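2 protein chains.
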Amino acid sequence: MSSLSSASFVLSDASTASIVESEQVHGALADDIRGLVDVAIRTQVSPDVVAEAQELVRQAARILAEDADDAPAGVHFNAEGRSWNWGNAVVGIRNAIAPPVVLQWGEDGIVRSEVDLGVAYEGPPGCVHGGVSALILDHLMGETASAAHTRLTVTGTLTLRYEQPIPLGRVRMQAQITEEVGRKVTVTAQISAANSDEPGIKAQGLFIIPSWATQGSVPSGVGSLD
Amino acid sequence: MSSLSSASFVLSDASTASIVESEQVHGALADDIRGLVDVAIRTQVSPDVVAEAQELVRQAARILAEDADDAPAGVHFNAEGRSWNWGNAVVGIRNAIAPPVVLQWGEDGIVRSEVDLGVAYEGPPGCVHGGVSALILDHLMGETASAAHTRLTVTGTLTLRYEQPIPLGRVRMQAQITEEVGRKVTVTAQISAANSDEPGIKAQGLFIIPSWATQGSVPSGVGSLD
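In order, the protein sequences belong to chains G and V. Counting in my numbering, the first sequence runs from 42 upward without gaps. Counting in my numbering, the second sequence runs from 42 upward without gaps.
Calculated from the structure, these hints are not laboratory results. All values reported here derive from a predicted model rather than from experimental measurement. Watch out, some of these pointers could steer you wrong.
It does not matter which identical chain is meant; a pair holds if it fits inside one copy or across any two.
[Said to hold, decoys possible] Here are the simulated lysine to any residue pairs, SDA-like style, with alpha carbons at most 20 Å apart:
#	residue 1	residue 2
1	225	205
2	243	69
3	225	204
4	243	151
5	243	106
6	243	197
7	243	92
8	243	218
9	225	200
10	243	51
11	243	198
12	225	120
13	243	148
14	243	200
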């Protein structure tokens, strides 16, 4: 089995400026792939037109594969305190599976986010998949437990109470730390349709600061281990 | 807010044979898009090569958009008892976000699945995002509660206990009904690396058979409302 330690995070000599530039280039590609994922679900074109599109997709993948890592993107950081996790399934800039979620760290201690969940996030007819809500809540809550990336946390337990279905479209979520005892951090959160005050799901999570992460050996800015 | 009822499911006059044929065509496209999502995370090509790939992706999306629905894929069924949910975030044949998961219904009452989770499902460095495990467990458990699609269920509560990180790669999961009282169905499940006997996450869920789904009005074969 895999185990995590402070060595799981890669110190990079890339400047923050070069990382921002790279994120613009690859973020734009990921955005276009998100559009492709979406329309591939909705399309009604004939099989020969599908084949035509498929050949273009393969060509694009071949070009990108000409020089590519085998390894996952991982989590990197530099000496300027910038970190990046481009492959992350919720926030990864390069990952077309990620909506991507962007977090707003409030001065009131509440971490908020709004994001559009389109047809690729469907579960019940016309509604957000309950597991997709679990996915993004898990991430939001882990980041919240990390106290704005000042410490590392891992998920201990997560409990989700499904109140009502959330229609596909814009959703709103928020999370906050409600208790903290030693290395145990409790976070509560909820997600709803952006235009509704009634939560679709209420969640509570227990997050742990691993003992190996309390030795001062963890790079700042790396944040939650979701 | 959205609400669900038996009217959420669309009766189609498409034959099962035509659905199978369509799934082959669009499933192949979704597979190629999955490959594209994966390599877009790993690629190291220069910005001008990225731009070239991006143009191909846009062209593919334009072609597919020439005739496309606005609506999400939804859940359809036909008179032969076949159902399909092509946009589903976990099992959707047309959805490049879905791994997709394929379930094995055991005669022992255990529902099993194995699936490869590549670099697009990353959370902690080199590991499956905890929320991705939650996403696919939620779906697996909901389908399990539906007793091989003989009834409809919705998620009530879901509790996940994170035991250890699961490395990216092949994962194995299983679920079974452990209690049933009235309209409440309890399901327990776990997910682990395919080559490990130690669970990465243990889960328990309470699933509800909605009152509107106990009137015999729900099409058979539709299954869980995840």
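Structure-based check of each hint:
1. 225 / 205: between (30 Å within a copy, 16 Å between copies)
2. 243 / 69: neither (33 Å within a copy, 37 Å between copies)
3. 225 / 204: So residue 225 and residue 204 pass the 20 Å test across copies only (15 Å; inside, 27 Å).
4. 243 / 151: within (15 Å within a copy, 29 Å between copies)
5. 243 / 106: neither (42 Å within a copy, 37 Å between copies)
6. 243 / 197: both (17 Å within a copy, 11 Å between copies)
7. 243 / 92: neither (43 Å within a copy, 42 Å between copies)
8. 243 / 218: within (14 Å within a copy, 24 Å between copies)
9. 225 / 200: both (15 Å within a copy, 18 Å between copies)
10. 243 / 51: So residue 243 and residue 51 fail the 20 Å test inside a copy (35 Å) and across (30 Å) alike.
11. 243 / 198: So residue 243 and residue 198 pass the 20 Å test inside a copy (14 Å) and across (10 Å) alike.
12. 225 / 120: neither (29 Å within a copy, 53 Å between copies)
13. 243 / 148: neither (22 Å within a copy, 35 Å between copies)
14. 243 / 200: This pair counts as both: shortest intra-copy Cα distance 8 Å, inter-copy 12 Å.
Of the numbered hints given earlier, the model fails hints 2, 5, 7, 10, 12 and 13; all others are met.
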